[in-house]
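Line by line, the protein sequences give chains A and B. So that you can map any letter, position 49 of the first sequence is 49 in this note's numbering, and since no number is skipped, the others follow by simple counting. In this note's numbering, each number is its position in the second sequence, counted from 1, plus 1000.
The set of hints was computed from the structure by calculation and includes no laboratory data. Note that the Cβ used here is the ideal one computed from N, Cα and C, for glycine as well. A couple of the hints might just be wrong.
Derived Cβ-Cβ restraints for the label pairs, each shown as a range [as the list claims (entries may be wrong)]: (1) R122(A) with E1022(B): 52 to 58 Å; (2) R1020(B) with L127(A): 46 to 52 Å; (3) F184(A) with L1259(B): 39 to 45 Å; (4) H204(A) with Q1224(B): 56 to 62 Å; (5) P1166(B) with R122(A): 42 to 48 Å; (6) S1295(B) with E118(A): 48 to 54 Å; (7) D1334(B) with F184(A): 49 to 55 Å; (8) Q1251(B) with A187(A): 30 to 36 Å; (9) S1295(B) with L127(A): 34 to 40 Å; (10) L127(A) with Q1193(B): 38 to 44 Å; (11) G132(A) with D1263(B): 39 to 45 Å.
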Amino acid sequence: MNPGLPDRAVCQLAREGLLDFVDPSGPTRAMPQAFHCDACRAWFERAGSQARAIHSLPRRVADMAPLDGLVVAELNAGRRQERAGAALAALQRLQVPSELDALVKDQLGRARRGAPAELEGRVALELQAGAGPRIERQLGRLARLSAPAELDLRVAGSLADSPRSDGVPMRRWIAIAATLFVVFGAATLVRQLRDEPYTFRVVHTSSTASLDPLALGQLSAVSGVWFGGAQ
Amino acid sequence: MRLARLALLALAAAFAGCERVEVTNTTLPTNEGNQTLTGTPNATATLIDRIAHARDTTRFQGVRRVEIHFEDGGQPRDFQVRERVSADGNGAYAIEALDVLDPAMGDAERSLFLTLQSVRQGMNWRYRDFSIDQVQLFLQNYRTTDTGLTVDVAGVSCLDLDVERPDGGGSIYSLSVHSPTGLILSSREETYQGVLVAEMVYESISFSPDLSAVAWHQSTNNEQPLPLTGALLGIVGFEPRVPRSLPPGYQLLERSSLLHPQDGSPWVKATYGDGVETLFYLHGGPIVAGNGINSGAPRIEADLLEITQTAPWIVARGNLRNERVIALGKVHEDELILMVRSAME
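Can you make the complete structure from the sequences, with help from the hints?
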């Protein structure tokens, strides 16, 4: 033993070897045959005392579930949703009191009664307008794609190569048809706007005495009834 | 007690033998060897066909009672006559009014009535008496049910049929039909509320009559037939308005022209039918020289339609768009107004 010359690196190595002799349950089970130095002997005695002190403390049982969760969370943070789902699925459904049912029903009923006026208006507009606005919205959300330049070139080339028709192009026919459609549609609309619905008054009488001879004769014919000398 | 029980059993047994069967133009048994008395066998014709053509193909003569119940001025009125009907089986017929039973009349009025009835026999034959005007139209609109009962009318055994529109329109008819000929020997018309509208019962009938003394009906109608479709401007001087909306089940049957009995102005009359009932629509064209419909209470003015309820019939008259219009029939008021409105819009 080197009584007064501790060497830090050598002592560290010697003390790791001394750990095998520390017995926390009681006195040192076996003393090493030699110590590196006095400091190492003192360290060994302190280490034994500390081990015995720790060993004498009452053992506390840890709740392992949260601990496991924490450990897994640290080690595997990407699966939290699955664990949460599994934990929820494992929960047992509790019966709610009947009073709670009644309260929930009442609350929901109140909520249904009072739709905001704005919402009511929008729904009414949607129903009145039909499918047109919905289709327009859906089409409006579509991103317009631009044709590749190569496609443009090919179309241009194809048009240049194709023989020119002597007849009226289809586009011109479509334009003519569209013009006629607009003109006739506008004329019809104007005519409908001019033709206001015809209205007349209706009065009632229950006596045939006021009928003129033609009406009375026809009534007599269809009914076979004798209405007196008026005929 | 025993007697009552026996009577009940007898009644039950009688009804047990009766079964209501819907009559169609294809499911009905045919005449099965019977033949009409016209000499024209129609053994293959169905009952509906035989009913539709019986009056024109059956030679017969009988006396019958006809009663009609209606409302006028809000009061129930009854009309009841006894008349002799003759037919030669080849289309000729005659209805001779024998007596008026109701309302009570003095001698002079009775004579006038009997004279006018002979003039009106064509209308009575065609419109008043129950008849199937167009078989296909009738089959389309009406349901005929054989009650299974056999009834005796004027000593002749008859089938008991119920006729009504499945859509609840029109009236409910109970008919007693002489099966071999299809001739209707009694008819009863009721509303769906059970109000009796009309009843006809033969009190006597002969299928081998002596018809030598019969004065057959000659048409005295001043109506001139018009083409069913097409323009009429060149014929009557104006183009009549045509209803675009008709009561359910009705179809245009014919058009004719007639002159107003007072001013002689021309009118176009369109006759519509549902197979049994008849509906008239008359258009008098533009009002000329103040010849609009000028009676009525209140007075009929421009753009006013007067509805006269003579239940079960209804009359609509008006000067609409400065034109004269009359419509009448046994339909609902709303249907008649809709019909007139559809012609004027």
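Taking the Cβ atom of H204(A) and the Cβ atom of Q1224(B), is their distance within the range 56 to 62 Å? 33 Å, violated
Does the hinted range 46 to 52 Å hold for R1020(B) and L127(A) at CB? 48 Å, holds
C-beta pair Q1251(B), A187(A): status relative to the range 30 to 36 Å that was hinted: 34 Å, holds
The hint says 34 to 40 Å between S1295(B) and L127(A); measuring C-beta to C-beta, is that right? 51 Å, violated
I want to verify a distance hint. Is the separation of the beta carbons of F184(A) and L1259(B) within 39 to 45 Å? The hinted range 39 to 45 Å holds for F184(A) and L1259(B), with Cβ atoms some 42 Å apart.
Check the following: the C-beta atoms of R122(A) and E1022(B) are separated by a distance inside 52 to 58 Å. 54 Å, holds
Take the C-beta atom of G132(A) and the C-beta atom of D1263(B), compute their distance, and say whether it sits inside 39 to 45 Å. 57 Å, violated
Between L127(A) and Q1193(B), is the Cβ distance one that fits in 38 to 44 Å? 41 Å, holds
Does the beta carbon distance between P1166(B) and R122(A) stay inside 42 to 48 Å, or does it fall outside? 45 Å, holds
So does D1334(B) sit 49 to 55 Å from F184(A), Cβ to Cβ? 35 Å, violated
Does the beta carbon distance between S1295(B) and E118(A) stay inside 48 to 54 Å, or does it fall outside? 60 Å, violated
Hint compliance for this structure: hints 4, 6, 7, 9 and 11 are broken, all remaining hints hold.
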